[in-house]
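J.: Residues per chain are reported as follows:
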Amino acid sequence: MILKILIFGLAKDLIGSNNFEITVKDFITVKEFKDILKLKYPKLKKISSFMIAVNTKYAKDSQKINQKDEIAIIPPTNGG
Amino acid sequence: MEANQMIDVKLSKKSIGLKDFSAWDKFEGEGCVNIFIGKVKPKNKDRNVIYLDFEVYESMALSKMKEIAKNAKKKFEIDKILMIHRIGKVSTGEIPVIIAVSAARRRPAIQACQYLIDTLKAVVPIWKKEVYDNGEEWVSAHP
Numbered sequence: 001m002i003l004k005i006l007i008f009g010l011a012k013d014l015i016g017s018n019n020f021e022i023t024v025k026d027f028i029t030v031k032e033f034k035d036i037l038k039l040k041y042p043k044l045k046k047i048s049s050f051m052i053a054v055n056t057k058y059a060k061d062s063q064k065i066n067q068k069d070e071i072a073i074i075p076p077t078n079g080g
Numbered sequence: 001m002e003a004n005q006m007i008d009v010k011l012s013k014k015s016i017g018l019k020d021f022s023a024w025d026k027f028e029g030e031g032c033v034n035i036f037i038g039k040v041k042p043k044n045k046d047r048n049v050i051y052l053d054f055e056v057y058e059s060m061a062l063s064k065m066k067e068i069a070k071n072a073k074k075k076f077e078i079d080k081i082l083m084i085h086r087i088g089k090v091s092t093g094e095i096p097v098i099i100a101v102s103a104a105r106r107r108p109a110i111q112a113c114q115y116l117i118d119t120l121k122a123v124v125p126i127w128k129k130e131v132y133d134n135g136e137e138w139v140s141a142h143p
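Residue numbers (our numbering), protein chains in the order written: chain A, 1 to 80; chain B, 1 to 143.
Source of the hints: derived by calculation from the structure; they are not laboratory data.
All figures in this text were calculated on a predicted structure; none of them were measured in a lab.
Please note that the accuracy of each hint is not assured.
Here are the simulated lysine to aspartate or glutamate pairs, DMTMM-like style, with alpha carbons at most 20 Å apart [to be verified]:
#, chain 1, residue 1, chain 2, residue 2
1, A, 12, B, 137
2, A, 57, B, 58
3, A, 57, B, 130
4, B, 14, B, 130
5, A, 12, B, 58
6, A, 43, B, 118
7, B, 39, B, 118
8, A, 12, B, 53
9, A, 60, B, 55
10, B, 89, A, 70
11, A, 46, B, 137
12, B, 19, B, 118
13, A, 31, A, 70
14, B, 89, B, 30
Simulated restraints on C-beta separations [claimed, not checked]:
#, chain 1, residue 1, chain 2, residue 2, range
15, A, 16, B, 12, 27 to 33 Å
16, B, 89, A, 2, 33 to 39 Å
17, A, 25, B, 114, 33 to 39 Å
18, B, 37, A, 67, 39 to 45 Å
19, B, 18, A, 43, 24 to 30 Å
20, A, 46, B, 104, 36 to 42 Å
21, B, 88, A, 4, 22 to 28 Å
22, B, 63, A, 18, 18 to 24 Å
Ideal Cβ positions, reconstructed from N, Cα and C, are used throughout, including at glycine.
Please take these sequences and the hints and turn them into a complete structure.
T.: This is how it looks when you write it as structure tokens:
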């Protein structure tokens, strides 16, 4: 399946775009997706940690991702 | 803000200030309003800040702001909550965030306000880039 990914903050600068598409196997978990990201974009290792949001909610590693889900890479936040 | 709407969260591309919660004057029966107002610092670590650039994942940010406001209402004996955060460029001296909490008593209003700003920084998907006279940097988003 093809996933559309949104990227923000420092992660956006490291990847060089605010969105991209990636082809992955069906029913991939968030943990598997994060591992793929780190392989494809080794620069992400410069961030101490990042979360994945699925449909605007922080996702646990075990959560399954579906093709129509809105996926976002969330580096450490710092509003205010 | 409607009389029965106890939580009001907003993202704004325009400047924000005290005018944004003047509607609270119409409410009766509250003992106090505690307000936190952020300001853009002119200096950070000896670097001259020109402006901050806030990037916001808008749909998720609004949803998380509502969520933490609802949590605050459960944790503290408070009445109403207003949270407003800027999007985009905010110059030195301007206000990037306002949080206001009304309550019958001051202590829960103050505690709730602190909880809201601390939690906003930790979980609401907003990122702050500091732009200096000699470069720029994402704040606290470093290894």
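J.: Note whether the CB distance of residue 18 (chain B) and residue 43 (chain A) lies within 24 to 30 Å or breaks it.
T.: Taking Cβ atoms as reference, residue 18 (chain B) and residue 43 (chain A) lie about 43 Å apart, which means the hint is violated.
J.: Holds or violated: residue 31 (chain A) and residue 70 (chain A), Cα atoms, limit 20 Å.
T.: holds, 16 Å
J.: Hey, residue 57 (chain A) versus residue 58 (chain B), does the alpha-carbon distance stay inside 20 Å?
T.: holds, 12 Å
J.: 36 to 42 Å was suggested as the range; check whether the CB atoms of residue 46 (chain A) and residue 104 (chain B) agree with it.
T.: violated, 48 Å
J.: Please work out if residue 12 (chain A) and residue 137 (chain B) have their alpha carbons no farther apart than 20 Å.
T.: The hint holds at about 13 Å.
J.: Hinted pair, alpha-carbon criterion (20 Å max): residue 39 (chain B), residue 118 (chain B). Please report holds or violated.
T.: holds, 15 Å
J.: Holds or violated: are the alpha carbons of residue 89 (chain B) and residue 70 (chain A) at most 20 Å from each other?
T.: With a Cα-Cα distance of about 26 Å, the restraint between residue 89 (chain B) and residue 70 (chain A) is violated, given a limit of 20 Å.
J.: Just to be careful, I want the Cα atoms of residue 12 (chain A) and residue 53 (chain B) compared with a cutoff of 20 Å; is the pair within it?
T.: Status holds; Cα separation ~14 Å.
J.: Okay, residue 63 (chain B) versus residue 18 (chain A) on CB: inside 18 to 24 Å?
T.: Given range 18 to 24 Å: holds, Cβ gap about 20 Å.
J.: Taking only the CA atoms, is the gap from residue 89 (chain B) to residue 30 (chain B) under or equal to 20 Å?
T.: Measuring from Cα to Cα gives roughly 35 Å; hence the hint is violated.
J.: Does the alpha-carbon distance linking residue 43 (chain A) and residue 118 (chain B) stay inside the 20 Å limit?
T.: violated, 29 Å
J.: Would you mind confirming whether the straight-line C-alpha gap from residue 46 (chain A) to residue 137 (chain B) stays at or under 20 Å?
T.: holds, 14 Å
Violated hints, in rising order: 3, 6, 9, 10, 12, 14, 17, 19, 20; the structure is consistent with all others.
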